[in-house]
Amino acid sequence: MTDLPVYTGPMEERRFHLANSSVGPIVDATDVGAVYLAVPGSVDLDRMPARIVLGLHGSGRSAESYAEIPFYRYQRDRALRSQYIFASVSNGPAGWGLDEGLQSVLILMGLLCGEFGSDCTFVPWGSSAGGIMMFRVIHELADSDRFRPIDRGIGTFPVYDLFSLFGKSPGCGKAWRAESMDELKQNAGDRNPPLFAENVAGCRYWIGHGIDDILVDLTENAERLQRDIVPYGGEVVLHRAGGGHSTQNFLVYDDEALGRFLDG
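Take the sequence shown: its letters are residues 3 to 266, numbered as in my numbering.
Think of the hints as simulated: they come from the structure by calculation, not from any bench.
Just so it is clear, CB atoms sit at the ideal spot from N, CA and C, and this is done for glycine as well.
Certain hints may be false.
Said to hold, decoys possible - Computed beta-carbon distance windows for the label pairs: (1) Pro12 with Gly112: 20 to 30 Å; (2) Asp121 with Arg262: 19 to 29 Å; (3) Asp121 with Ala259: 25 to 35 Å; (4) Glu222 with Asn189: 17 to 27 Å; (5) Asp153 with Arg229: 14 to 24 Å; (6) Tyr234 with Gly11: 38 to 48 Å; (7) Arg262 with Asn189: 31 to 41 Å.
Kindly generate the complete structure, drawing on both the sequences and the hints.
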């Protein structure tokens with residue numbers, strides 16, 4: 003494991019549920035709709051609009067992963083050290099880019115704007131299956147007047163081509179209720195990000211991906227994203243790291259580069 007800086011400053015943590023949106027304890031942290039929120043104690047919301055990193059978790063994870071699992075906790079800490087608020091919602095299997103998961107993220111964004119001001123800016127950070135959700139959120143907001151446009155996104159071995167995961171990850175077919183590639187294509191319809199590449203090209207991306215990743219293939223995902231959006235003026239900073247698809251592979255993080263990307 004690579005030693006990376008952690009956030010050691012004052013922090014306010016909140017846990018609540020989208021069902022009632024009231025701040026309070028979560029009885030079951032794995033419940034779909036459970037929210038984890040971390041606010042750096044030193045952030046000055048009177049001086050600048052709130053900047054919020056949206057943690058979009060991978061398959062089998064939850065919002066609480068960002069408090070409990072060191073690999074995910076790094077993302078929270080990196081956000082806090084750059085003076086971002088950090089927020090995540092548990093999406094269960096819907097985190098694979100399903101409409102229900104997208105709606106949960108949009109509801110959370112609305113609540114955060116109500117709490118911290120309508121001029122909030124958001125940076126989605128999608129991990130593994132959460133990459134699909136990241137691209138769907140960016141696509142959804144491309145022509146939205148409800149939120150400020152998203153101008154950057156971060157991916158940690160993110161899924162870009164949903165279809166490339168069929169047969170590799172049981173969670174993919176299960177989430178989309180597909181037992182064959184034909185079923186997956188039918189059920190996912192136009193929700194696979196390569197089909198709307200032009201609409202996600204308006205963002206800058208920082209992607210960390212292991213060259214030995216046999217689950218989320220580098221060529222079919224991060225490198226394909228790069229190939230797809232560059233013709234539209236898109237920009238992908240691709241950090242090719244050693245190792246594979248694992249929450250033990252901290253090599254996919256370049257702390258200094260991520261700090262510059264968030265601050266830029």
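Given the range 17 to 27 Å, decide if the beta-carbon distance of Glu222 to Asn189 lies inside it. 20 Å, holds
Verdict for Asp121, Ala259 (Cβ pair) under range 25 to 35 Å: Since Asp121 and Ala259 have Cβ atoms about 27 Å apart, the given range 25 to 35 Å holds.
Range first: 38 to 48 Å. Now tell me if the beta carbons of Tyr234 and Gly11 are that far apart. 39 Å, holds
Has the hinted range 31 to 41 Å been met by the Cβ atoms of Arg262 and Asn189? 39 Å, holds
Satisfaction of the hinted span 14 to 24 Å by the C-beta atoms belonging to Asp153 and Arg229: 21 Å, holds
Verify the CB-CB distance for Asp121 and Arg262 against the hinted window 19 to 29 Å. Given range 19 to 29 Å: holds, Cβ gap about 23 Å.
Consistency of beta-carbon spacing, Gly112 to Pro12, with hint 20 to 30 Å: With Cβ atoms ~27 Å apart, the hint holds.
Violated hints: none; the structure is consistent with every hint.
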